[in-house]
Amino acid sequence: MRALCWEGVGKLAVRDVPEPRIRAEGDIIVKVRASSVCGSDLHLINGYLPAMREGDVLGHEFMGEVVETGPGVRRLKVGDRVVVGSVVACGGCWYCRTEQYSLCDNSNPQPVFTEKLWGHSPAGILGYSHAAGGYSGSHAEYVRVPFGDVGAFPVPDGVPDDSVVFASDAMPTGWMAADFCGLTGGEVVAVWGGGGVGQMAARAAQLLGAGRVIVIDRLPERLAPAADRLGVETVNYADTDVLEALREMTAGRGPDACIEAVGMESHDVGPAYAYDKAKQTARLQSDRPTSVRQAIMACRKGGTVSIVGVYGGLVDKFPLGAAMNKALVLRMGQMHAQRYIPMLLDRLAAGEIDPGYLATHPLSLEQGVRGYEVFEKKQEGCLRSVLHPA
Amino acid sequence: MTSNGTRWVLLGAGALTAVGVGRTVARRRRRHQPERQDGWYVVRRGITVDRPVDEVIGFWTDRERLDRALAEWATLEQLADNRWRCVARDPAGGGTEWCAEIQVAGPGRLTWRVTDGPAQHGTVELVPAPQDRGTEIRAELRYRSGRLRRAFGLAAGDEPDLGLRDTLRRVKSLIEAGQVIDTRRDPSGRSPAQEAATDRVREKLTTGGRA
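Line order of the protein sequences matches chains P and A. Heads up: the first sequence begins at 1 in this note's numbering, then just goes up one per residue. Heads up: the second sequence begins at 1 in this note's numbering, then just goes up one per residue.
Just so you know, the hints here were simulated from the structure itself, not pulled from any lab data. Note that CB positions come from ideal geometry on N, CA and C, so glycine has one too. Be a bit skeptical, because a hint or two may be false.
To be verified - According to the in silico footprint, chain P covers these stretches of chain A (three or more CB under 8 Å from chain P): (1) 140-146; (2) 185-195.
Claimed, not checked - If you want the ones that stay clear, here's a sample from chain A, every Cβ over 12 Å from chain P, calculated: (3) G22; (4) R28; (5) V87; (6) C99; (7) V104; (8) D116; (9) R133; (10) G134; (11) A177; (12) Q179; (13) V180; (14) T206.
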């Protein structure tokens with residue numbers, strides 16, 4: 001079969017690879033119908049999460065059709081149209097039982113790297129390097145999904161592939177970000193990053209009761225759909241002082257909750273950004289925490305900072321003093337896909353969330369390299385490239 | 001030109017740094033050495049399984065399920081009411097094999113001794129975990145090894161402690177998830193030589209770690 005493989009830092013290629021096979025009782029094989037690029041793939045492609053091996057198949061946000069099931073699979077059958085959570089979860093450990101699926105104890109068979117780096121190993125993630133288990137990803141014609149009954153969910157008829165694909169990662173990540181904020185109604189929520197996850201976090205905050213949502217980015221092609229589709233307010237950090245603008249918009253209080261949906265390769269303007277970029281390029285820090293710093297500085301006293309952008313290692317100049325003295329609540333984590341997906345599919349079917357507009361670049365799998373190029377370089381107004389192997 | 005004085009200062013500073021680094025490394029190494037008792041190395045490792053003690057014991061007494069779970073890497077043979085023989089293979093397929101005799105020493109407690117292989121014995125104890133968190137499997141392993149052999153073993157990755165931690169993790173996964181996940185042979189665009197190199201990396205990332 002054909003698959004999009006990592007070939008070295010910054011290099012991708014579509015290659016012939018063997019087809020996956022059922023390896024355990026709970027496995028299913030999914031014929032991929034739509035597989036989206038994700039901002040967090042860029043950290044892998046560019047070598048900031050240094051656990052890729054040449055030939056690894058990328059892709060973790062996808063949907064498709066079940067074509068084979070292991071003998072232990074009960075809930076799914078061949079022919080089901082399913083969306084699969086990016087995070088692999090066994091369903092049987094304490095973390096899974098308490099719905100903290102991205103912390104699953106048993107789904108990363110290669111835990112040594114992350115145990116050394118982070119103290120403990122979180123769950124495995126499909127197509128997400130050898131730090132996350134070394135699973136083969138979804139930018140391929142077929143993909144093996146372990147613990148199929150736990151991780152794959154039949155999708156409602158009538159919702160198009162290019163919408164439902166985002167229930168795999170962008171929607172649950174955005175939802176969890178808003179969930180972290182503990183909204184009770186009427187709050188002001190600021191969202192850093194107007195990409196797929198940021199847009200979904202903004203929508204989730206609205207549905208969870210936020211009074212006002214403000215999206216911060218520098219790209220008009222991200223700010224415009226946020227304003228038009230979701231009806232949120234926007235701040236363009238390229239021509240506005242973000243902290244000043246947020247203070248002004250909230251009459252001095254600052255947002256009640258700040259969601260960071262950017263991650264370790266965040267952009268900014270000015271000398272501080274140049275300094276971070278230089279340090280990261282020289283590998284003196286692994287992550288650029290620009291937007292986290294800003295979120296902490298902007299957040300009102302006693303507010304919540306919710307981080308769902310991906311970070312891998314160490315950051316420099318973290319404003320711990322601001323967080324401590326303002327008594328902020330910091331919440332963060334990889335999303336617990338399996339907890340949120342069924343609820344999100346209901347909301348998709350009911351039309352409460354419509355992420356279809358994120359798929360600005362529907363492409364074939366063979367065009368995968370270009371898909372990542374326009375996505376990374378933010379060309380042609382690209383929000384997300386979605387690959388279609390079939 | 002650097003003056004003689006500067007040279008002496010640099011040399012002194014260099015020597016002090018070297019001594020400091022050496023002492024730190026030595027202290028670190030000592031902290032990571034297993035305890036020694038009567039000529040045995042002793043290591044203790046524990047893992048928490050999210051099942052009550054009865055269910056953990058039940059897993060070992062359900063023969064059919066156990067055989068299916070262990071199929072790839074070990075066979076169990078019951079010798080007497082409370083004695084078992086276990087033959088385990090290296091899951092990576094290295095061809096190493098060892099036999100152990102397991103004896104039930106009381107409720108939630110068993111002892112084992114390697115009968116054919118390196119000198120090792122130990123105990124396993126099942127303790128209820130606090131806050132309804134299941135069962136703590138607490139294992140103690142005693143093994144003999146010379147300092148040199150241990151150093152080489154560590155470098156080669158066949159340190160008994162690493163094996164113990166692997167085994168505990170596998171047991172936990174078998175009881176909780178019904179399988180031990182394996183991503184080797186997942187599809188990739190690698191040549192056979194690249195795949196073999198990647199398998200070695202996978203092995204390093206799989207072996208040991210925190211129990």
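Hints versus structure:
no.	hint	result
1	140-146	violated (count 0)
2	185-195	holds (count 9)
3	G22	23 Å, holds
4	R28	15 Å, holds
5	V87	23 Å, holds
6	C99	26 Å, holds
7	V104	26 Å, holds
8	D116	29 Å, holds
9	R133	6 Å, violated
10	G134	7 Å, violated
11	A177	4 Å, violated
12	Q179	5 Å, violated
13	V180	7 Å, violated
14	T206	5 Å, violated
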